[in-house]
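Protein chains in written order, with the working numbering: chain Z, 1 to 396; chain D, 1 to 160.
Hints may be right or wrong, so weigh each one.
Keeping only pairs whose Cα atoms sit at most 27 Å apart, straight-line, the calculated BS3-like set for lysine-lysine is [what the hints assert, rightly or not]: (1) Z:K346 with D:K152; (2) Z:K9 with Z:K261; (3) D:K141 with D:K11; (4) Z:K14 with Z:K29; (5) Z:K308 with D:K138; (6) Z:K29 with Z:K167; (7) Z:K79 with Z:K146; (8) D:K11 with D:K121; (9) D:K60 with D:K36; (10) Z:K79 with Z:K261; (11) D:K60 with Z:K375; (12) Z:K226 with Z:K14; (13) D:K55 with Z:K29; (14) Z:K346 with D:K150; (15) Z:K283 with Z:K93; (16) Z:K79 with Z:K308; (17) D:K18 with D:K121; (18) D:K152 with Z:K375; (19) D:K55 with D:K11; (20) Z:K79 with Z:K283; (21) D:K139 with Z:K29; (22) Z:K9 with Z:K167; (23) Z:K346 with Z:K283; (24) D:K86 with Z:K213; (25) D:K55 with D:K121; (26) Z:K213 with D:K18; (27) Z:K61 with Z:K261; (28) D:K139 with Z:K375; (29) Z:K375 with D:K150; (30) D:K11 with D:K36; (31) Z:K261 with Z:K308.
Cβ-Cβ distance ranges computed for the label pairs, FRET-style [what the hints assert, rightly or not]: (32) D:K152 with Z:T62: 26 to 32 Å; (33) D:T49 with Z:Q376: 53 to 59 Å; (34) D:D30 with Z:N339: 39 to 45 Å; (35) Z:N284 with D:G45: 43 to 49 Å; (36) D:K138 with Z:N144: 57 to 63 Å; (37) Z:K61 with D:R37: 49 to 55 Å; (38) D:K86 with Z:N284: 41 to 47 Å; (39) Z:R184 with D:Q91: 37 to 43 Å; (40) D:K152 with Z:S257: 31 to 37 Å.
Simulated from the structure, these hints should not be mistaken for lab results. Glycine residues also receive a C-beta, built at the ideal position from the N, C-alpha and C atoms.
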Amino acid sequence: MRQDILAKKVIDIKPSGIRRFFDLVSEMKDPDVISLGVGEPDFDTPWHIRDEGIYSLEKGKTFYTSNSGLMELREEICKYLNRRFNVSYDPAKEVIVTVGGSEAIDIGLRAMINPGDEVLIPEPSYVSYEPCAVLAGAVPVIINLKEENEFRLTARELEDAITERSKVLILPFPNNPTGAIMERRDLEAIAEVILKHDLIVMSDEIYAELSYKEKHVSIASLPGMKERTILINGFSKAYAMTGWRLGYACGPQEIISQMTKIHQFAIMCAPTTSQYAAVEALKNGDSDVETMRESYNQRRRFLMNAFKEMGVQCFEPYGAFYVFPYIGEFGLSSDEFANRFLSEEKVAAVPGTAFGASGEGFLRISYAYSLEHLKQAMERMSRFVEKLRKENGAVK
Amino acid sequence: MRDQILSIIEKNSRIDIKELAVLLGMEEIDVANELKRLEEEGIIGGYHTMINWEKTSIEKVTALIEVRVTPQRGQGFDNIAERIYKYPEVQSVYLISGGYDLMVILEGRTLREVSTFVSDKLSTLETVLSTATHFILKKYKDHGTIYDLKLKDEREIVTP
């Protein structure tokens, strides 16, 4: 058989660090393992939303929708973005409903990138930006964010990474895995740089509803930014709808229409049942979101307090459902720490390096778990940390 | 802050003040004071336990009784409601809009005990016009809690 059966570009993509860690956990097959490793809500989708999905099936709404998604859904998306984040879009021309936010990232990059264009990717961040950029033919340029800035992107860091080939900036806030947010003043600072260098922003705001300080600010709501921003959001995190695979992108018509072309040929349309359920989520789901947000916030405070009691350093994250404690003081790499934490205390928490080299020294801890679960995990962590301190003391 | 305290302890009245303070990002002393005020104002009426009696060997029968009454001048329904709720076997009494006036929830050990109460005590009150007794056969959900809820985390153990 021929040797060149596979695309080099694909072979060259590294498997994700999450996958490696997942395999490690799976191999253990130990029922005592408790996880802090998931990137999805622990809540079920609120019943009225599920019920609407079921109802649409009963009524036989099992056809394709238009490529961009149900008009009713696009209208509700626009109303929602306006109500919550003060940005207005035209449902007929500036919105596309996608298979999760992840499809929007993929087709958005594919719609904009010419070979050799540079995509600026702040890290640590979600695992798909870099591979999607590479597959689209871009040159990814990583911006390593720092804990001293609470993992926010500063104007200086952005400016330093820009070249004449820079085209798209990925803006992943609230951030997975750090939990970092960008407040209005942070966004205003980088907006200046973005305008100066004529960049396009791909703002992944999938965790927008899970902000615990002030209400999330979308960069698209800043003056001069809407026309150069693709806003990505979805239903997975806010409404606990990960399995429904539904997201959307909003932006300038010329970009959205090209994205719709790719989507039309690759996907056809997002799942119809999910779209009907999503209409209900947007119409009557605000209070569900609020309840879940309050619950996450309590767990966030619980974890911050637990780290304080253990003496583990952790900047206070105000978004998503992750905390990102610094574990470098124990003289282990993130990988080593995570592996030992797993084998010795049976707790699975993802090493920060799974989200980029700048995650070295950190651990991603998800709080999409019940308080009881988190309590148990923190007891184990406290015991583990004490043990490491004793070991280190003995060496000295 | 009141609302948040109440929404937590409504679900878990055994939570200690220290933990409550951590979850709400407040000082312990402030939480303690607020709880005291809530008790004094009668907003917190008690810290009861939700028990699924069906899983015990103790026999209990619960009935919902619709009661139609003649309201009394100057008293409305309050007087008759009081005469009913003073019976210890009466769990709840609600004034209801619609086809009848009072909803009485009654707990007894046997069907006979409940029906005796209705025929001897309740129906014989002079303002009571009629009663309709409904026995509860099975409780699926009570106080926002689903009985026999299977809690299993079916998510993948590690996801991005």
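Hints and how they fare:
For the hint pairing Z:K346 with D:K152, the CA-to-CA distance comes to about 18 Å; that is within 27 Å, so the pair holds. Simply put, Z:K9 and Z:K261 have alpha-carbon atoms about 23 Å apart, close enough for the 27 Å limit, and the pair holds. Pair hint D:K141 plus D:K11 holds up; C-alpha atoms about 14 Å apart against a cutoff of 27 Å. For the hint linking Z:K14 to Z:K29, the alpha-carbon distance of about 25 Å falls within 27 Å, and the restraint holds.
At most 27 Å may separate the alpha-carbon atoms for a hinted pair to count; Z:K308 and D:K138 exceed this at roughly 47 Å. Under the criterion of a C-alpha separation no larger than 27 Å, the hint pairing Z:K29 with Z:K167 is inconsistent with the structure, at around 45 Å. A hinted pair counts as satisfied when its Cα atoms are at most 27 Å apart, and Z:K79 with Z:K146 does not qualify at roughly 36 Å. Between D:K11 and D:K121 the CA atoms are separated by roughly 35 Å; this puts the pair beyond 27 Å, and the hint is violated.
As the CA atoms of D:K60 and D:K36 are separated by approximately 34 Å, the hinted pair breaks the 27 Å bound. About 25 Å separates the Cα atoms of Z:K79 and Z:K261, which keeps this hinted pair within 27 Å; it holds. A distance of roughly 36 Å separates the Cα atoms of D:K60 and Z:K375; the hinted pair therefore is violated under the 27 Å criterion. Restraint check for Z:K226 and Z:K14: not satisfied, since their Cα atoms lie roughly 34 Å apart, outside the 27 Å limit.
Note on D:K55 and Z:K29: the hinted pairing is violated, with a Cα-Cα distance of about 34 Å set against a maximum of 27 Å. Only pairs whose Cα atoms come within 27 Å are accepted, and Z:K346 paired with D:K150 is accepted, the gap being roughly 24 Å. At roughly 21 Å between alpha-carbon atoms, Z:K283 and Z:K93 fall within 27 Å of each other, so this suggested pair holds. For a cut-off of 27 Å, the pair hint linking Z:K79 to Z:K308 is broken: about 41 Å separates their Cα positions.
Among the hinted pairs, D:K18 with D:K121 is inconsistent with the structure: their alpha-carbon atoms are about 48 Å apart, more than 27 Å. At most 27 Å may separate the alpha-carbon atoms for a hinted pair to count; D:K152 and Z:K375 meet this at roughly 18 Å. In summary, the hint linking D:K55 to D:K11 is supported, as the alpha carbons are separated by about 21 Å, within the 27 Å threshold. Pair hint Z:K79 plus Z:K283 holds up; C-alpha atoms about 9 Å apart against a cutoff of 27 Å.
Only pairs whose Cα atoms come within 27 Å are accepted, and D:K139 paired with Z:K29 is rejected, the gap being roughly 38 Å. Our distance criterion of 27 Å between C-alpha atoms is met by Z:K9 and Z:K167, whose separation comes to about 21 Å. For the given pair, Z:K346 sits about 42 Å from Z:K283 by alpha-carbon distance, which is inconsistent with the 27 Å threshold. Under the criterion of a C-alpha separation no larger than 27 Å, the hint pairing D:K86 with Z:K213 is inconsistent with the structure, at around 49 Å.
Proximity of D:K55 to D:K121 is assessed by CA-CA distance (about 30 Å); at most 27 Å being required, the pair is judged violated. Proximity of Z:K213 to D:K18 is assessed by CA-CA distance (about 22 Å); at most 27 Å being required, the pair is judged to hold. Under the criterion of a C-alpha separation no larger than 27 Å, the hint pairing Z:K61 with Z:K261 is consistent with the structure, at around 24 Å. Simply put, D:K139 and Z:K375 have alpha-carbon atoms about 31 Å apart, too far for the 27 Å limit, and the pair is violated.
A C-alpha spacing of about 21 Å is found between Z:K375 and D:K150, which places the hinted pair at or below 27 Å, so the restraint holds. This hinted pair checks out: D:K11 and D:K36 have alpha carbons roughly 18 Å apart, not beyond 27 Å. Proximity of Z:K261 to Z:K308 is assessed by CA-CA distance (about 51 Å); at most 27 Å being required, the pair is judged violated. In this structure the hint that D:K152 and Z:T62 lie 26 to 32 Å apart at CB holds, the actual value being about 29 Å.
Hint check: D:T49 to Z:Q376, Cβ distance near 23 Å, so the stated range 53 to 59 Å is violated. Between D:D30 and Z:N339 the CB atoms are about 42 Å apart, so this pair conforms to the stated range of 39 to 45 Å. Range check, Z:N284 to D:G45: Cβ separation about 31 Å, and the 43 to 49 Å hint is violated. In this structure the hint that D:K138 and Z:N144 lie 57 to 63 Å apart at CB holds, the actual value being about 59 Å.
Distance hint check: the CB atoms of Z:K61 and D:R37 are about 52 Å apart, consistent with the given range 49 to 55 Å. Between D:K86 and Z:N284 the Cβ separation comes to about 42 Å, which falls inside the hinted range of 41 to 47 Å. The hint said 37 to 43 Å for the Cβ distance between Z:R184 and D:Q91, and at roughly 53 Å that hint is violated. For the pair D:K152 and Z:S257, the beta carbons lie near 45 Å from each other, so the given range of 31 to 37 Å is not met.
Checked against the numbered hints listed earlier, the structure breaks hints 5, 6, 7, 8, 9, 11, 12, 13, 16, 17, 21, 23, 24, 25, 28, 31, 33, 35, 39 and 40; every other hint is satisfied.
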